[in-house]
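Undergrad: Modelling step: build the complete structure from the supplied sequences, incorporating the hints.
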Amino acid sequence: MRHLPSLSGLRSFEATARHASMTKAAEELGVTQGAISRAVQALEADLGCPLLRRSRPKLFLTEIGHLLYSEINHSFDRVAVVIGRVREQQRGGQLAINSLPTFAARYLIPRLPRFQARHPEMQVDLTTSENRIDFAVESIDVAIRYGLGNWSQTASMRLMDEELVAVCAPELLARHGGELGPGTIDPRQLLRHTTRMAAWDEWLKAAGADASIEPRGPGFEHFFMVIEAAVSGMGFALLPRFLIARELADGSLVIASRQELLRQQAYYLLFATERRFDPKIVALIRWLKDEVALDQGAVRPSAAPSLPALLRAPHREC
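Positions 23 to 340 (my numbering) are the ones given, in order, by the sequence shown.
Hints may be right or wrong, so weigh each one.
To be verified - Derived pair list, reagent style SDA-like, types lysine to any residue, alpha-carbon separation capped at 25 Å:
hint, residue 1, residue 2
1, K311, L134
2, K311, P301
3, K227, R268
4, K46, S28
5, K80, A57
6, K46, L81
7, K227, T216
8, K46, A127
9, K80, L69
10, K46, R24
11, K311, S279
12, K46, C71
13, K80, Y91
14, K80, P123
15, K311, F299
16, K311, T150
17, K227, E243
18, K46, H25
19, K46, I86
20, K311, G255
21, K46, I94
22, K311, R280
23, K80, D68
To be clear, the hints were calculated from the coordinates, so they are not data collected in a lab. Please read these numbers as outputs of a predicted model, since none were measured by experiment.
TA: Printed below as a string of structure tokens:
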């Protein structure tokens with residue numbers, strides 16, 4: 023049996039510590055300042071130690087107060103996330119997806135109407151980030167990330183490999199006088215993705231280029247920026263084929279070299295291991311696998327696990 027203090031006391035103390043003010047804590051919780059003061063005093067009496075030092079007009083946490091606040095603040099955050107998920111499920115199913123920015127804009131969004139047609143009962147909320155996701159504290163159902171598949175404490179499903187191709191605007195290729203090759207590379211014309219700096223090095227090595235060549239063209243943070251720069255004729259870009267299917271089809275970008283690069287890293291769908299049977303996540307997995315299958319002409323097929331195998335696994339790190 024747990025021997026816990028009053029929840030009212032814990033809430034009052036947490037709000038007071040967070041605001042460093044009993045007045046603001048009272049406003050947040052909808053009670054009087056006196057009620058907050060009495061609840062905190064009762065908590066201190068229960069624990070047998072002071073949690074706050076009162077030095078008007080400010081309040082300061084004692085050492086024990088700091089320790090308690092840190093723990094209960096984190097716990098309340100986790101409870102809030104769980105409560106939010108329960109409320110979402112009761113509202114009929116919201117699906118919160120966090121994706122890499124360019125993957126969201128260039129791959130997910132153009133295809134989402136098909137997901138909505140298949141699952142009209144679901145409301146999709148799409149956000150973007152490149153940061154690591156902590157499913158225990160963030161209101162995110164699934165995330166799409168790029169890497170080697172070694173995310174700990176997280177289930178992952180490999181979506182697709184990354185096949186990089188060298189491309190440029192057709193006018194630039196015409197001025198260049200032919201295919202981009204080991205003897206025709208101007209480092210100043212190689213557009214750089216600033217978070218994928220090793221990609222050009224790998225491509226140049228595979229193409230048999232001089233090892234001393236170092237890309238010195240303009241640098242860009244995201245693939246969608248590199249794509250626009252390439253379309254504008256700023257230089258040669260090394261881009262995932264599936265992200266530029268539209269530009270290759272309409273001719274605004276052309277293949278500049280027959281040399282391709284299949285990287286070890288791939289795109290993965292991530293989600294909390296304990297939610298692998300969640301109907302929303304299962305529905306998204308099925309749809310994504312269907313979309314990847316439809317795009318096999320533009321995306322090199324990857325060794326993604328079957329859905330039954332994924333759902334049987336208690337923990338997966340691809």
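Undergrad: Against each hint, give a clear statement of whether it holds in the structure.
TA: Checked hints:
A threshold of 25 Å between alpha carbons decides the hint, and for K311 with L134 the separation of about 13 Å falls inside it, so the pair holds. For the hint pairing K311 with P301, the CA-to-CA distance comes to about 15 Å; that is within 25 Å, so the pair holds. Proposed proximity of K227 and R268 is contradicted: the alpha carbons are some 28 Å apart, above 25 Å. For the proposed pair K46 and S28, the alpha carbon gap of about 20 Å is at most 25 Å, so the pair holds.
For a cut-off of 25 Å, the pair hint linking K80 to A57 stands: about 18 Å separates their Cα positions. Distance check on the hinted pair: K46 and L81 sit about 12 Å apart at the alpha-carbon level, within 25 Å; holds. The suggested pairing of K227 with T216 holds, with an alpha-carbon distance near 19 Å, which does not exceed 25 Å. With a C-alpha separation of about 41 Å, the suggested pairing of K46 with A127 is violated against the 25 Å cut-off.
Using a Cα cut-off of 25 Å, the hinted pair K80 and L69 holds, with the two alpha carbons roughly 23 Å apart. Note on K46 and R24: the hinted pairing is violated, with a Cα-Cα distance of about 30 Å set against a maximum of 25 Å. Of the supplied pair hints, the one linking K311 and S279 is violated, its CA atoms being roughly 30 Å apart against a limit of 25 Å. A threshold of 25 Å between alpha carbons decides the hint, and for K46 with C71 the separation of about 24 Å falls inside it, so the pair holds.
Only pairs whose Cα atoms come within 25 Å are accepted, and K80 paired with Y91 is accepted, the gap being roughly 17 Å. Of the pairs offered as hints, the one joining K80 and P123 is violated, with about 43 Å between alpha carbons and a cut-off of 25 Å exceeded. Distance restraint check for K311 and F299: the Cα-Cα separation of roughly 16 Å lies within the 25 Å cut-off, and the hinted pair is therefore satisfied. Distance restraint check for K311 and T150: the Cα-Cα separation of roughly 21 Å lies within the 25 Å cut-off, and the hinted pair is therefore satisfied.
For the proposed pair K227 and E243, the alpha carbon gap of about 23 Å is at most 25 Å, so the pair holds. Restraint check: the Cα-Cα separation between K46 and H25 comes to about 29 Å, which exceeds 25 Å; the hinted pair is violated. A hinted pair counts as satisfied when its Cα atoms are at most 25 Å apart, and K46 with I86 qualifies at roughly 22 Å. The straight-line distance between the Cα atoms of K311 and G255 is roughly 35 Å, outside the 25 Å bound, and the hint therefore fails.
Restraint check for K46 and I94: the C-alpha separation of about 18 Å stays at or below 25 Å, so the hint holds. A hinted pair counts as satisfied when its Cα atoms are at most 25 Å apart, and K311 with R280 does not qualify at roughly 28 Å. With a CA separation close to 24 Å, the supplied pair K80 and D68 stays within the 25 Å bound.
Hints 3, 8, 10, 11, 14, 18, 20 and 22, counting from the list given before, are not met by this structure.
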